[in-house]
Amino acid sequence: MSSEECLTELKSSIENLDKEAAVEATKKALKMGLDPIEIIEKGLAKGLREVGSRFEKGELFIVELIAAAEAMKAAMEILEPEILKRKTKREVLGRVVLGTVAGDIHDIGKNIVASLLTAAGFEVYDLGKDVPVEKFIEKAKEVNADVIGASALLTTTVPIQKDLADAIKRSGLNVKYIVGGAAVTPQWAEEIGAAYAEDASSAVEVIKNLVKQKE
Amino acid sequence: MVYVRKLKPIEVLSKDAREDIHLASLELLKEMGVKVYSKEALRILEESGAKVDQEKQMAYIPPYLVEEALKKTPKYVKLCARNPKYDVILDGKHICCSTDGTGMYTIDLDTGERRPSTKDDVAKSARIINALEDADLYYPLVTPLDFPKHAHVLHEFDAAINNLEKHFMSGATYLREEATYLIKMASAVVGGIEELRKRPIISAVACMMSPLILPLGETDAALEFSKYGIPVVPMTMPLLGATGPITPAGSVLIGNAQILAINTVIQMKYPGTPVIYSSFPLSMEMKTGAFAVSFPEADLVIAGHIQMARHYGMPNLAGGNIGSAKLPDEQAAYEKALCGLITVLAGGDICGTIGLLENYMVLSYEQLLIDYEMYRMMVKLAEGIDVNEDTLALDTIYRVGPEGHFMAEKHTLKHAKDVWAPLITDPRSHQAWKKEGGKSVVEVAREKVREILATHEPEPLDEDVKRELERIIKEGEENLPHRPHNP
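Protein sequence lines, in the order shown, are assigned to chains U and A. Here the first sequence stands for residues 1 to 215, where the numbers follow this note's numbering. Here the second sequence stands for residues 1001 to 1487, where the numbers follow this note's numbering.
These are computed hints drawn from the structure, not numbers from a lab. Among these hints, one or two may not hold up.
Straight-line Cα separation of at most 30 Å, DSBU-like style, residue types lysine-lysine; simulated pairs [stated by the list, open to error]:
#	chain 1	residue 1	chain 2	residue 2
1	U	K28	A	K1414
2	U	K162	A	K1434
3	A	K1326	A	K1085
4	A	K1071	A	K1008
5	A	K1119	A	K1326
6	A	K1008	U	K57
Please take these sequences and the hints and turn them into a complete structure.
So, in structure tokens, the structure goes:
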């Protein structure tokens, strides 16, 4: 198999929303000696961009986009240690640390945002749910994040978003902050000095703008 | 696209109640008799064994005749379309969508003004129905008031069929001659009268009169259609408390007796004619005497008639998304949603009846799409819940576990296309809605209508067929009587 064929296989595994195929193709590509960045940029990410643009045009369902993003994520788990080993860095639209705040385990909306961001070309570090404030800060430092995103669905967990805002200020990190979730209002976001998006697709737009502002 | 009904119809009439209504109908037809203005119908009934009083134009129909006619009535009716891929089967298991009809005014798409309807409105609305995937047949929503009134039926068909590959159900024909010309036109489209008999691309409504009258022109026209095997849709429209009893049971009874009477005439003369049981009753508002097509009592009569039709194994057309609202507003929404839903849930075959306001008088293009959207929601509800190994998704649930999600699962991907998809309904966030102009559903519907009219091209008729239709219309305009025959 030529490296050309291998890249095509990587790309189509994502286009076919096939997680197992993406993992297999990634392992094969590494074995063949392809560079991890090349595997991503000329293979996997190319496929994901294709899926993303078909979704934008209304040709694909949201769950298909998510499935593509998850296939990409599974492949990335294999590639990340390799990238670290080689001390190379991938050119991305931006690095985003995401999580649902401590005390809250509602994460489906945040998961959708993570997938849409991945499909749009961001590198996403999804910390999951019930994430303590310190963990957001730690991860943002570690990956040199551009944006931190915190989700809260419960009225009782919304105040944690303010704790995180304060922690970001204290940390001195040059990072933008965005909040979302059903219990969050634009007024609240403004009050705590965060950006706000009401749904997943507008979150992608807002985060793109935040990254631009940062530059 | 025809939907399969999986939900068992709700019962507004128990089996005993249906039997009671049937027996009372038989008694009325025999003992009280029915007024028959059509000489041919009177003769058919007399020759079949009914007692007839020629002078009073009354027929007293014995129960065995009514029962015999019911046995000859087809249980399955195929509504053929100009393009066979749009054929529709009525068999009690499928649900299909029709337009409502026939109005006199149109709320102008550009000015918003309520004005007399035109032939262009018929053409445009037919084109929209041709474009909408889940709309199955076209009933002229309005009549062209910019053309000679005595030939309105011909102009309705002409405007529609030039824009329609689906089945055409003619609104009420009031004269035998109208039927003759409509049959000529439909024959020209399919290539001859024998072709039309094999594949009737038209059906026709025959409006009966309450309390118990078989009118002259309507009955004669129904017989003319029957002669060529064209499905006939006898329609009963009792006004509760005025031309029918004030109680829903009484109006179900009187309407049912009407349908049985005309069906007996048709089946005795042309056995096996497809007959579709149709009911559009109206309530009366007791303080003002105003009529309303979808007050709860009228809705119940609709549901009752649907169940009588099913009791006889006859296909039905009744109720649907109807209302007396003046605008595509909140009143229109709840009237239409409630009547439309009970129509579907009670067992309606032809449902929807989309597009009109003000008790079948006014076409609103925006309402047409709103009604269509509601219809699509209702038929999805009538599919009920399918329970089997695949739909239970037990394996998938195990794989996802207590903390995962289902969004990327194969099971989800496989079924995503089955999920109800909106045409004009906006489920998005306030922010996303506002970003696109914060439009009401009426505005969204208007834009969608414009988009369809700008882009949808129905398969045109052959040039020589078009010319032949024009020739028949011209002949019809010259020969059709300008005034109805005197009964």
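We went through each hint and held it up to the structure:
| no. | hint | result |
| --- | --- | --- |
| 1 | U:K28 - A:K1414 | holds (28 Å) |
| 2 | U:K162 - A:K1434 | holds (27 Å) |
| 3 | A:K1326 - A:K1085 | violated (36 Å) |
| 4 | A:K1071 - A:K1008 | holds (25 Å) |
| 5 | A:K1119 - A:K1326 | holds (22 Å) |
| 6 | A:K1008 - U:K57 | violated (39 Å) |
Hint compliance for this structure: hints 3 and 6 are broken, all remaining hints hold.
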